[in-house]
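This is what each chain is made of:
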Amino acid sequence: MAAFHFELVSPEKHLFSGDVESVVAPGADGQFTVLKDHAPVMTTLKAGVVTVAGGDGKVEKLFVRGGFADVNASGFTILAEQAIPLAEIDPAKVDADIQDAREDIADAKSDEARLAASDKLAQLQELRAAIGG
Amino acid sequence: MPSLKDLRNRISSVKATQKITKAMQMVAAAKLRRAQSAAEAARPYAERMESVLANLASGVTAGGPALLAGNGNDDTHLLIVATAERGLCGAFNSSIVRLAREHIARLQDQGKTVKILCVGKKGYEQLRRQYERNIIELIELRGVKQIGFDNADEIGKKIIRMFEEGGFDVATLFFSRFKSVIAQIPTAQQIIPAQIPSNENASAVEGPQPCYEYEPGQDEILSTLLPRNISVQVFRALLENAASEQGARMSAMDNATRNAGEMIRKQTTLYNRSRQAMITKELIEIISGAEAL
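Which chain is which? The protein sequence lines are A and B, in order.
Position 86 (the first sequence) corresponds to 86 in my numbering; numbering is contiguous.
Position 285 (the second sequence) corresponds to 285 in my numbering; numbering is contiguous.
Don't read these hints as lab results, they were simulated from the structure.
C-beta atoms are modelled at their ideal positions from N, C-alpha and C, and glycine is treated no differently.
Keep in mind that the hints are not guaranteed to be accurate.
Output of the computed footprint for chain A on chain B, the stretches with three or more beta carbons under 8 Å from beta carbons of chain A [to be verified]: (1) 48 to 54; (2) 97 to 105; (3) 221 to 231.
Bound-form chain A, shown alone:
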């Protein structure tokens, strides 16, 4: 299979850069897979897991918390709001965060705060489901 250039950047870090064979990304309207010579697409991402398959059969999974994906002739670029390699995530901490988020929703005084908290909860649950266990 042919390889193409893929980059994953978050505001704080340059997480991935290199040639890969396929990338599965969580688009706003559903998951999609990008292979070489994909038609140019620009889309927003929702929280979910980006699966990167390298040329040597190595698969890397990263969790992204929303962002943008840009596929063009020179390759595929994801601008993530936040991205963490799945291996570095501690399930216990996510569980604690989910608990916190639930409490935030219960404590929220304004609609705005409640909305923000439930957004956060949804993202965390997405993350929890992604790591399993």
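Fit chain B to the known structure of chain A by using the hints.
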């Protein structure tokens, strides 16, 4: 003529000062390394963001969202002045403030309304004297050790909210671009309406721009991307500022240490000279006393 004791005191106090400046220089050097790598890590994101935005904007014909095209007015300007929370870093704060001041004076000459949002206490202190009435808010990042994207996002959202409420028409960001340890360039960057780098060079290389497919739609993407871009620009400015501040402090403290060393050298020479002179004088007195007998 100061006495020997005075000189000794003076030397020891300069030595103590030198120790402090030396320590501050070392701390700044360590912090600089961290700040610099953070600034460099943020650069690719901002660059990609710019190119994606340029791609999108080239497809937008006539108008577009207010964040991109402006709201048609040019009467009220918001100046976001990002400075440090601490002093003792040479001309770092003053040079940003000076640039902002020039800008304010020019805008006021043209009869425009100026609003100022200060990020960082030092800029606020300097601007307060002259433009107390124009300052709408001071955001302090004192407790923040390492500037995260969330800090910038908060500021970005605040700016956008203000823009949507019609608080201003044009926003300009003032910060110091980090070039090297000895060179920091105070910069003014307009963020609303967004300034899109011209895409001509890119398209000249790649030929006609590819026909993009947008999901969900071009307008939706643009309307999420633009607010995000503001936060990213603020984030980048804050990181550049943090690196510049440490760089400026490092060179300022290096100078101070060197000056203190010079002063110690001079004072020590003076001290030794006057000690010698005193001994010689005493000897002369003893000898001439013995001869007189």
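Margin query: Please check whether the stretch 48 to 54 of chain B has three or more residues whose CB lies within less than 8 Å of a CB on chain A.
Written below: holds (count 3)
Checklist line | Coverage of the stretch 221 to 231 of chain B by chain A (three or more Cβ within 8 Å) | finding: holds (count 4)
Margin query: Can you confirm whether chain A covers the stretch 97 to 105 of chain B, using C-beta to C-beta distances below 8 Å and requiring at least three such residues?
Written below: This one is violated; 0 residues, fewer than the three required, reach chain A with a Cβ under 8 Å.
When held up to the earlier numbered hints, the structure conflicts with hint 2 and nothing else.
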